[in-house]
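Chain residues, written in single-letter form:
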Amino acid sequence: MRFYLFLRLICIFLICLEAEAQETYILQGKVFDQSNQEGLVGVNVFLSETQSGTNTDIKGEFRLTTTKQKFTIQISYLGYRDTTLVIDLLKNSKIALFLVPESKVLTEIVVESLRDSPDSKVNQMQMSTDRITMEEAKMLPAIFGEVDIIKILQLKPGVKSGGEGNAGFFVRGGSSDQNLILVEHAPVYNPSHLFGLFSVFNSDAVKDVTLYKAGFPAQYGGRLSSVLDVNMRQGDSQKWGVEGGLGLISSRLTLNAPIQKGKSSLLISGRRTYIDLFTNLANKLNENNEKFDPIPAYYFYDVNASLNFQLGKKDELKLTGYLGNDFFKFEGDNFGANLLWGNRSATLEWTHRFSRKLKMQQSYFTAGYLYRINNRFGENSITLGSNIWDQGLVSDWTFSPDENHLLKWGASGIYHRFSVGEFGISTDFTDIQAGQKLEGLELGLYASHEWQIDENIELLTGLRSSFFISKNKTYTGIEPRLALKYALSPSTTLKASYARMYQYLHLVSSSASSLPTDVWYPSTEGVKPQYSDQIALGLHKSLAEDQYFFSLEGYYKWISNAIDFKDGAQLFANPRLEDEFVFGRGWAYGAEVYVEKKTGRTRGWVGYTLAWTWRQFDEINGGKALHPRYDRRHDISFVVIHQLSERVSISATWVYGTGNFTSIAGGRFGFQDFLPNDPVAIPEFLGRNDYQMPASHRLDLGLVWKLKPKHGTADLTFSIYNAYSRRNPYFIYYKEGRNEEDQVVSFTPTLVSLFPILPSVTYNFKF
Amino acid sequence: MTKIKNNTATSVLACTFINKIAIIFILLITACNQNIDLKLPTYEPKLVLEFYLEDKMPIRCLLQESVSYTASATPRLIENALVILSYEGTQDTLLNIPFFDENTEKLYNYTNPKIFQAQADVLYEVYVKDTEGREMRGQTRFITPVPIDSLVYRANAIDSISAGLIFTDPLSEANFYRLIAYEERADFKIENSSDIQLRDIAFEGQQFSFFTGPNFARQDTIIGRLYHLTKEHYDFVESAQNARVANGNPFAQPADIRSNVSGGLGIFTSINFDEKRIIIPEAP
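Listed in order, the protein sequences are those of chains A and B. Numbers 1 to 767, taken from the numbering used here, label the letters of the first sequence in order. Numbers 768 to 1051, taken from the numbering used here, label the letters of the second sequence in order.
Heads up, some of the hints might be wrong.
[Stated by the list, open to error] From the structure, some residues in chain B lie toward chain A, with a derived Cβ separation under 8 Å:
no.: 1; residue: Ser-833
no.: 2; residue: Gln-973
no.: 3; residue: Gln-974
no.: 4; residue: Ser-976
no.: 5; residue: Phe-1018
no.: 6; residue: Gln-1020
no.: 7; residue: Lys-1043
It is worth saying that the hints were derived from the structure and are not from the lab. By construction, the Cβ of each residue, glycine as well, lies at the ideal position given by its N, Cα and C atoms.
All chains should be modelled from the sequences, with the hints used to inform the complete structure.
What follows is the structure, given as structure tokens:
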């Protein structure tokens, strides 16, 4: 059981709570990883006498009710040895368990999502979720060696990438702006660096992420298609620690520090790319080479910080922050450009436990995204920019009167400020500044009730009311949430859910990829909110003595007031951007099959998605329904991790997807203009996304080799991206063929691929 | 000296600069290009008209047809079509006689030798019918030119000259412009031109200035022209440029050609402009 892994219980202590009615005893507890004092999620806690049990929640907490004064609990957790404790309760009690891996424990190679036992996944109320931990992400091959948790999510059914190497994601027919990405309650408006190649989530700063694809809990709202809740790491309150990594294009460094031992801690993590150092050097070496075109300088960095305070037995205070920027700089004789874009956020969270049944969490956050472009074109100075800034309050309450009922309620308020389409052009003679300032107040009230009706049936009912107040207009949304779980057997459940979601903020984007100049725009009098209804059905089963997890889910989603933009819309520097929106409808449906092997030397999963996505607008494509670019009929992912030895593990991922839809010009004509410009070929597009590109598939390989340094731990992580160098389609265009006189003589359809085989290596250390 | 020659008209205000940056990035990481066979539906050619009415100039236009993208690059000109310009009860027929404008190096295949006299508030209509029976119709009017306030220049560190065109946008409905500055030559050819197209959405009713690149030298005579475009003209050029950018740019949005002629593609519009001249003096 729990192959090769050992568990050692370091410390158990009991903290007496006030006595209550003694017919039953309540045991509450929290399970920690002793090495970093973080709560462990999904630990199985089982009462032998009553044959009942539970799993620790996202904070590592659990709660059990028993009529026995003396009983035995079994604790099992992948990465640690199974253990058994005999508890003799005099009254209701609370325990803290500090678990440490033994020296031979291969915790680094454990796929933590697999720690969520099949039994737990089968029996949890929530369906359509995926949880990925950073340990899991670090096991798998990564492009340029940059571990990216979003790219691992793209390997799950129902989640599609925006294109090769792209860190954007599309969930069950939703566009990228329909994903609510939260980091400690604060929204992330542009989750990628480097034109979408990398996500903003530093692998050393993130603990895990949970993606909800359907049956959304009532506390979430504001986006139509998914919720991605990013859980940041906390600092170690017991001891100092440093870890980091050196990669081909970036390096990371993280500092753990106790502030007051056992009570408070600090974690700071930073990452920076250094492509610019090489390009600057190349430019300098070619300073006198007239044929050399200077290479623009580019880099990004991000910094995460977390301060945690344990204020007595009932209160915790947490302050987290994020700052990330991308820089691009080019200086020529007559032309110069400086680009800056990035996210910022800070969250203050206070958790208070009134009693073992009632808990509240209050949060304040400020978050935003901005971009600025400063161009110099001769005597003209041109600036472009946009930003969104939020300030929000979130209040969440949880009440569990007994083990059959769980009540949650709360409220949230976010004040949004937008600066859209900032544009300036100045010369010695004139100074033009234009732009649009907007604001909106987004409010939400919610309540939900999770009810274990009997041993087979569990029902969740929830309601969220959302409000959006902008200038001259207030919108209201009623968002019911329903979920039902029926246990066919202890290892098999049927689940169903329904959720309505409203979205009041919309991304003004011309691309299926993530661009820094994508602008968020609020609902106004002329821009109605989008809303969606999604039903989902699922069969979940654990197999082969809890070694395998199987799920089959189907969904249908309707989107009303779906938003797009007119053909040829002016999305830059347009103070009347609202005129460019068009409104229509959308629908998506599909089925997802997922099989995961949970234990053993060889672990992994296979996912398959069969899906259709549609949009329809009167003003686009002649009013005919169309497929968005990211629609993909078949999507297959295969992930395997194999532990070769105590020090070496290998991994492989293989993905296959039918081709994306794209617009291809069918005809062309020559345009000579009335001014002295060269004639050019103008394409004539006959329809929107009316051509399907060839299928893509790719194999990535990884190897983690644990080193034996004198101090701490270290490893070398090797990755081979696109191992058989498949030329996957990125886009198609017509290439001009020219004769010796430089005249255009032909046009040839040409397919562009991005990445060939890309090996990389990263050195990681920790002490 | 770096010169911007035949700078393609583009809207600085609708700058897609970031797209270009992204494309540069994509090109840097591109693995390879490969020719492919596209299985597209059979393309049905359309009539394409470029017809610019200009005061005190001959009446001329270019009539061609669009082709499948992979067809021969040679333009397919339409022969023996009926092309009629109508206004105020007058009908001027354009004959299928090629005409090459040496100043702008433009080819027109239908002409009428009559020197056109523009009239304000008059509706001009074009009718085209080719030998296959395909028809096109379009309408346009002349709009009032917007005067240039001044034409100025600036010299950079190496004494290359940029020309600056300053004008005041009328406080009326949306206005659309094409700015051009070029060196006056003895042969009247327009070379070393630099032009941009823009709309007044960001500077309605305000004075606006824009400088060319350092295309000029001391002692050059620079002509600055401010074309006041019809909305239909601006939309056509803008949509054509967007369509062009959308071919080969995964970051660009799809674009339809916004023509103002029915029965085909193209533009039938009036051209008007204000002009100023400046002679760049020797260095002080």
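### Query
Quick check: which numbered hints come out false for this structure?
7
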